[in-house]
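Novice: Basically my numbering = 1-based index in the sequence shown + 4.
Because the hints were derived from the structure by calculation, they are not lab data. Any given hint might turn out to be false.
Have a look at the derived ranges for each label pair, beta carbon to beta carbon [claimed, not checked]:
1. L376 / E446: 37 to 45 Å
2. A338 / A460: 45 to 53 Å
3. E101 / G23: 52 to 60 Å
4. L251 / L295: 51 to 59 Å
5. S156 / E194: 35 to 43 Å
6. S283 / A418: 21 to 29 Å
No more than 16 Å apart at the CA atoms, straight line, and that leaves these computed lysine to aspartate or glutamate pairs for EDC-like [claimed, not checked]:
7. K217 / D249
8. K217 / D242
9. K469 / E446
10. K217 / D246
11. K384 / E347
Note that the structure is a prediction, hence the values are computed from the model and not measured. For each residue, glycine too, the CB sits at the ideal point set by N, CA and C.
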Amino acid sequence: MSAETLTVETLLARIRSDGVRRTSAALRKPPIPSRLLQDLAALPNTPEALEFVASYPLSPSHLLETLAVGAAPAVLAHLATNPRTPPHLMSQFAAHENAGVRAQAAAHPQLPARELFTLTTDADPEVRRSLAGNSSLRLPHQAVLVVDADPSVRLRLAAQSALPAPAALVLGADACAVVRVHTVASVTAEEDLLLGWAAGDEEDVQLALLQRKALPAEVNHTLLRSPHAAVRRLARTDLDLDDVDLLFLATRGEPDERAWVAARPQLSRPLQSLLARDSDLATRTALAANLSLDETIARYFTSLAEETVCEALAGNPAMPSDLVEELAATRQPAVLAALAYRENLSEQLVQFLLVHSPDFRRHWAIQGRTDLRLDLETAKILLADPLPTVRVLAVSACPAWRRADMYDLARDAAPVVRIAALRHANAPDELLQDRATDSSQEVADAAREVWAGREANARQTAAAKALPPMPPVVVRATPVRQTAIDVAPPRPTVSAPPRASAPATSQERPEAPDLLNKLKRIFWQ
């Protein structure tokens, strides 16, 4: 709605529908003509019209002075918020008998300094609270408000964006925890003041400091040496800790803090020695899992044979192979289970543990690993295990199963074992055709899939053999270009006549029983 189409009636209707503040904010551009505002103020029995004219920021000053004469407190409260209200009227509003009018005047940024000081001791807390949010306050006014009896006044003052350091220092030590914490967490302060709060060893103040977006490094280091664990846990996240800081946490920290230190990468040898003798099991376990663990300390842990610590050692990929064998010699179930998940176990140790440790065998089989080949003797031992996953390992990891053995393996009670037998390279075609009608749909589908794969490979091989031979490559000799330089022409290279190549003598491969005997002798050694 433009200013040209506005009338007193339409403007009054909009004020009644949208409210005074909303209509005033919406009709600033273009401004309402002064004549229309005067007509609106002259309407009888329309308090909302008077309130609108009093709050409209573009109302003429002389019209505002006219409204102030004998107006109701609601109109005066709106006048006290208008930036065009004359200063002498603001002084009258600051001394008005109505607390609402005084509260609105206390928030006005152009209120004279004398009236500001008078309102600091106003009897109504609402007036003092409104005054505490005034951006025109100076240190003398703030010095009175920081010791106000009402905590809400002090809290409102703590929300000032440019609070002087003396006022911030007083509010940071306020008796009310809400005021104290809000001041420390949000007020603009120099590093010296922040260091003073950090060194105070008050937990709520230190935690409030850590709510700031960025703290100087020296303040963070001071907080790291706090006597409160909650403060230290938050302070350590933003610091690059050196050995001195870690030593403090390792000697003064709670068990979870010491465990955190024990898990730090590139932990120094002296700190490892200190933490290795820690009374907390979680700390020793975290140290045992550290990739930078010193070998001497690892052997010390192994000699203690604590199951939880040795389990962490077994999962540490930095452990040497001889120490891994010592861990296996502890015969602790959790340690053997953890060893099954290592990536660099020797094949000889794996074969041994598969035969002698049910825990290792079960966890190794669960992973479905294919990086191990079993000999026939070990596979037969695993085939007697009650767990289907272990029997699947026995079938799939042993290439020495005979074709006749596949029929027995395909009669296993577990479908997953029968599927492993069908996927074996030595499974006969007749077995695949027979198991295509297996009672288990999974087994039947697997048999058809393997059969289809073999047929596709056979067709591909036949097509490759039927391809015509490649024509020989003809190399044409390039004629030698004669030059005028008197040099001897190059001597032609005459290749030696082709000799009949003698057939290479192929080494005879030892039979399967000889290979097995050699493997057995190596294994038992």
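Novice: Evaluate each hint against the coordinates.
Specialist: Structure-based check of each hint:
Separation of L376 from E446 is about 25 Å and departs from the stated range, judged on CB atoms against 37 to 45 Å. One distance hint, 45 to 53 Å for the beta-carbon pair A338 and A460, holds here, with the actual separation near 46 Å. For the pair E101 and G23, the beta carbons lie near 27 Å from each other, so the given range of 52 to 60 Å is not met. Separated by about 21 Å at the C-beta atoms, L251 and L295 break the suggested range of 51 to 59 Å.
For the pair S156 and E194, the beta carbons lie near 27 Å from each other, so the given range of 35 to 43 Å is not met. At about 48 Å, the beta-carbon gap between S283 and A418 misses the expected band of 21 to 29 Å. Taking the CA atoms of K217 and D249, the gap is about 22 Å. The hint is violated against a cut of 16 Å. The hinted pair formed by K217 and D242 meets the criterion: a straight-line CA distance of about 11 Å does not exceed 16 Å.
For the proposed pair K469 and E446, the alpha carbon gap of about 35 Å is over 16 Å, so the pair is violated. As the CA atoms of K217 and D246 are separated by approximately 23 Å, the hinted pair breaks the 16 Å bound. Distance check on the hinted pair: K384 and E347 sit about 25 Å apart at the alpha-carbon level, beyond 16 Å; violated.
In the structure shown, a violation is registered for the earlier hints numbered 1, 3, 4, 5, 6, 7, 9, 10, 11, in ascending order.
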